[in-house]
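Assemble chain B onto chain A, guided by the hints.
Quick mapping for you: the protein sequence lines, in order, are chains A and B. With our numbering as the guide, the letters of the first sequence map in order to residues 1 to 210. With our numbering as the guide, the letters of the second sequence map in order to residues 1 to 210.
Just so you know, the hints here were simulated from the structure itself, not pulled from any lab data.
Listed below are the simulated DSSO-like cross-link pairs for lysine-lysine, each with C-alpha atoms no more than 30 Å apart in a straight line:
hint	chain 1	residue 1	chain 2	residue 2
1	B	K188	B	K53
2	A	K76	A	K188
3	B	K76	B	K53
4	B	K147	B	K79
5	B	K53	A	K53
6	A	K124	A	K147
7	B	K53	A	K188
8	B	K124	A	K124
9	B	K124	B	K147
10	A	K188	A	K53
11	B	K188	B	K76
12	A	K53	B	K188
Number of protein chains: 2
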Amino acid sequence: MASNGHDNIPDIVIGRLPIYLRALNRLADDGQEITSSHELGQRLGISSAQIRKDLSHFGGFGKQGTGYQIEYLQEKLRKVLNIDREWEVALIGVGDLGKAIAHYRGFADRGFHIACLFDSDPAKVGQEIGDYTVQPMAALQQAIQDKGIRLAMLAVPVQHAQEVANTLVESGITGILNYAPINLTVPKHIQVQYIDPVVGLQRMTYYLED
Amino acid sequence: MASNGHDNIPDIVIGRLPIYLRALNRLADDGQEITSSHELGQRLGISSAQIRKDLSHFGGFGKQGTGYQIEYLQEKLRKVLNIDREWEVALIGVGDLGKAIAHYRGFADRGFHIACLFDSDPAKVGQEIGDYTVQPMAALQQAIQDKGIRLAMLAVPVQHAQEVANTLVESGITGILNYAPINLTVPKHIQVQYIDPVVGLQRMTYYLED
Numbered sequence: 001m002a003s004n005g006h007d008n009i010p011d012i013v014i015g016r017l018p019i020y021l022r023a024l025n026r027l028a029d030d031g032q033e034i035t036s037s038h039e040l041g042q043r044l045g046i047s048s049a050q051i052r053k054d055l056s057h058f059g060g061f062g063k064q065g066t067g068y069q070i071e072y073l074q075e076k077l078r079k080v081l082n083i084d085r086e087w088e089v090a091l092i093g094v095g096d097l098g099k100a101i102a103h104y105r106g107f108a109d110r111g112f113h114i115a116c117l118f119d120s121d122p123a124k125v126g127q128e129i130g131d132y133t134v135q136p137m138a139a140l141q142q143a144i145q146d147k148g149i150r151l152a153m154l155a156v157p158v159q160h161a162q163e164v165a166n167t168l169v170e171s172g173i174t175g176i177l178n179y180a181p182i183n184l185t186v187p188k189h190i191q192v193q194y195i196d197p198v199v200g201l202q203r204m205t206y207y208l209e210d
Numbered sequence: 001m002a003s004n005g006h007d008n009i010p011d012i013v014i015g016r017l018p019i020y021l022r023a024l025n026r027l028a029d030d031g032q033e034i035t036s037s038h039e040l041g042q043r044l045g046i047s048s049a050q051i052r053k054d055l056s057h058f059g060g061f062g063k064q065g066t067g068y069q070i071e072y073l074q075e076k077l078r079k080v081l082n083i084d085r086e087w088e089v090a091l092i093g094v095g096d097l098g099k100a101i102a103h104y105r106g107f108a109d110r111g112f113h114i115a116c117l118f119d120s121d122p123a124k125v126g127q128e129i130g131d132y133t134v135q136p137m138a139a140l141q142q143a144i145q146d147k148g149i150r151l152a153m154l155a156v157p158v159q160h161a162q163e164v165a166n167t168l169v170e171s172g173i174t175g176i177l178n179y180a181p182i183n184l185t186v187p188k189h190i191q192v193q194y195i196d197p198v199v200g201l202q203r204m205t206y207y208l209e210d
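Chain A with its partners taken away, still in its complex shape (with noise of 0.2 Å):
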């Protein structure tokens, strides 16, 4: 699963990047121009050591007393993420939560962009959603192969998110980030990522005192 020539990057760091690329993204628009691993740990509730340190695997991106220039470092991190392209994503399932995702706002200028919606309730097929109409499940694998897109959101219910999610390997996804509260099952060479705001909220409570 490697890529860009950085094989030995304990995967828990790779998880750190775009959390400072967030927080880079946000000094930026604050109109800031320089900053510190002492700052961007305070932001973060991170060491300021563990984000030279993360940092350090990837080529020296300041020097120790002068900080880092933000624009430098956003560049350098959207270039190590692969975002200094854009990525087309498959959305799987416009519910309530499907449709909240095609609306969102935030995917453009990160780097991702919905470029077809699926689903397979005969009722929401031929809707539109912003520019793209949804797609009967029957078109999927055609159409992510025409479109060459690697990467699938998955917001079906929880009992068909298995079932798609081998249509989505078999047409050729190969990261899929999923909505529905199940592990996924896929080969070795698939990635997931999970989105369940139950498990954050499970990890909270597990240090509130009754």
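Frame of chain A, contents of chain B only:
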């Protein structure tokens, strides 16, 4: 932040418990009564040794060779995670995303109940969503205090997220599930979990070849 007398459990272990519970729920729904660390590991892409080690923090849930009683392990994990009760949650922001969250049926059977909705948009205030009426932000503090709510889901536009988070903290909220793509600055005793689909997508594109 520790509770349950398990003060020394690493947070990363706590983070995996909801994932284990989710997998157990699925197995139980399928009518299965016994599982093993091996089976769970296969489903979750986590080593069986890791699972056994994680669960051993909370006492012996199973015996080598006999596997785990699913119902018993579900109960124990719910207790550890403090979800052997129901938590009321405030939802702030009822745009497309907030509405999808409000309509999501996956909270109730996993320990959570959205008990009040707020929005700053006068056009949204007064709308009925599910069993609840959207309230103005001015009512937030009082409502949260009256109900003794500790958890909030934040689904407001990014430029308002920090300000609303401050109000939530002042109102007595101690856990925030933040859907806005910004790291919140909060006092140390406040927990924040993030839902950001772009972070999940960017984590996958790192591994994708062009």
